[in-house]
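Protein chains: 2
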Amino acid sequence: MQVEKGQDTNRVILVTNDDGYKSSGMEALIEMVKPLGRVVVVAPEEGNSGMSHAITIKVPLRMKHRNRDDNVELYTVNGTPVDCVKLAMNELFAKIPPDLMVSGINHGSNASISVVYSGTIAAAIEGCLYGIPSVGFSILDYGEYPDFRASILYGREILKNVMEKGISPECCLNVNIPVLPPQEIKGVKVARQNRGSWREEFEKRTDPRGVNYYWLTGYFHNDEPEATDTDEYFLTKGYITVVPVNVDFTDYREMKKLQGWENDLYNAVKNELSQAK
Amino acid sequence: MQVEKGQDTNRVILVTNDDGYKSSGMEALIEMVKPLGRVVVVAPEEGNSGMSHAITIKVPLRMKHRNRDDNVELYTVNGTPVDCVKLAMNELFAKIPPDLMVSGINHGSNASISVVYSGTIAAAIEGCLYGIPSVGFSILDYGEYPDFRASILYGREILKNVMEKGISPECCLNVNIPVLPPQEIKGVKVARQNRGSWREEFEKRTDPRGVNYYWLTGYFHNDEPEATDTDEYFLTKGYITVVPVNVDFTDYREMKKLQGWENDLYNAVKNELSQAK
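For the record, the sequence lines run as chains A and B.
Using the working numbering, count along the first sequence one by one with no gaps and you end on 604.
Using the working numbering, count along the second sequence one by one with no gaps and you end on 604.
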């Protein structure tokens, strides 16, 4: 293996994304992590936006090794971001897991409620489920060639902290980066997921045969515009945001209230069954 | 509209699933909710297992009205469970939302970590994001025609409680049902999501051209077999489990720790930028 100047070859970093291996966001992510260790990319052949935590069940998966002109190992998969993490972990890292899993840099925000639809963050959640410190990165620019300089500089510092100080095995990080040159970034803020929703989500059209069809579209609506502690808020103020995403989705506060229903439910069905006799 | 005996026609219930509109689990769910209100089904044309919160972006969606011989309104969609909820909410319920959203009954468990891959629960999360009390149901049987009697009886009681007593707008319910006749169900337990993981996830084969391919497979591994307060535990004991699933994925405990990194990150990048000058 070819070693680059300053590269820490004792560490292995697994890289994936949801825009496909050819995206400029993938190259920016590789540039971010190269000094931190040996880089192994396992990424989708094609764009997979909006695939969330989908896995491929109906068609077989294929993993293809591809040559690069640097010392990055590249494999592509005809599947989703989560498929990529699973194949990497089972086929490449079955014995020794990587030290870090990173996903992105996604072209477009994954702040607020976008986290539930995001293939980028689903890959990070999957990495976390394998016990690997995992971080998903997104830039607030849907263009093909955003300015990734701030993402690379700040992202690398975030990852250094993750590797040196550790994060809880229960969570991964959702990092969003505003479209600003590095000098204009105000700093990094750890924030909570903003409440939000999508509105007017479909454009209805009629095909040449007179049949209706729908394109998914719509706009994001901030459900708590007054909040000053959320990812949406800090992003509009010029900060990079870090939201720790818990892989335990249990709503513990609601549990206590619902436990009060347990006996009623059992008795209601018991009554019904005895009446049916 | 034809009204059935005992049906409460003041309420409207939106029904979807991830196994497709033809599954027996869909019919069982319709039977469960019919006495509770007017039933509108918007379900995928085909099976969508493992689609999680995926949305369809690359191809246009079509929604087709289909006739049934009862008073249930049925529409099918060439998309995912989340697409179905979105289309229903935008095209059928844009003015007056339904009173309840139910998803399932899924053929196979969505307990423990399966919640992150599940299209059934993703649909319930999507319903919750629209502010509708939403519940996903799954039976622990992958067969085509499981015994749904306990699911129907207990599910209906759970839904009555949801409508009468309400649940937090921050969460939906993930209900799993063991494969037992109603008389043998031990009761209902509100539980937390069990920690678990998947192992040996791929079967590797070689095609006639000598190229490798992979089928997703594997088995569930319980990461906390000693726990006595999780969905996995209560299911093995013969209870129906209810896990409240929070749509805010923020790990609040981890936030405090990570906030200690904020200044270090900013200063590290500032130093780097000033050295580069």
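A couple of the hints might just be wrong.
Each pair may be met inside one copy or between any two copies, as identical chains are not told apart.
[Said to hold, decoys possible] Listed next, the in silico DSS-like pairs over lysine-lysine satisfying Cα-Cα at most 27 Å (straight line):
#1 487 - 513
#2 385 - 349
#3 385 - 487
#4 597 - 349
#5 492 - 583
#6 422 - 583
#7 487 - 349
#8 531 - 487
No lab work stands behind these hints: they were computed from the structure.
Keep in mind that this is a model prediction, so the values were computed, not measured.
So, going through the hints one by one against the coordinates:
1. 487 - 513: Within one copy only: 20 Å inside a chain, 50 Å across chains, cut-off 27 Å.
2. 385 - 349: Both: 25 Å inside a chain and 18 Å across chains, each within 27 Å.
3. 385 - 487: neither (39 Å within a copy, 37 Å between copies)
4. 597 - 349: Answer is neither; intra-copy 60 Å and inter-copy 31 Å both fail.
5. 492 - 583: So residue 492 and residue 583 pass the 27 Å test across copies only (14 Å; inside, 34 Å).
6. 422 - 583: neither (41 Å within a copy, 34 Å between copies)
7. 487 - 349: within (26 Å within a copy, 51 Å between copies)
8. 531 - 487: Classified as neither; 47 Å inside a copy, 36 Å across copies.
When held up to the earlier numbered hints, the structure conflicts with 3, 4, 6, 8 and fits the remainder.
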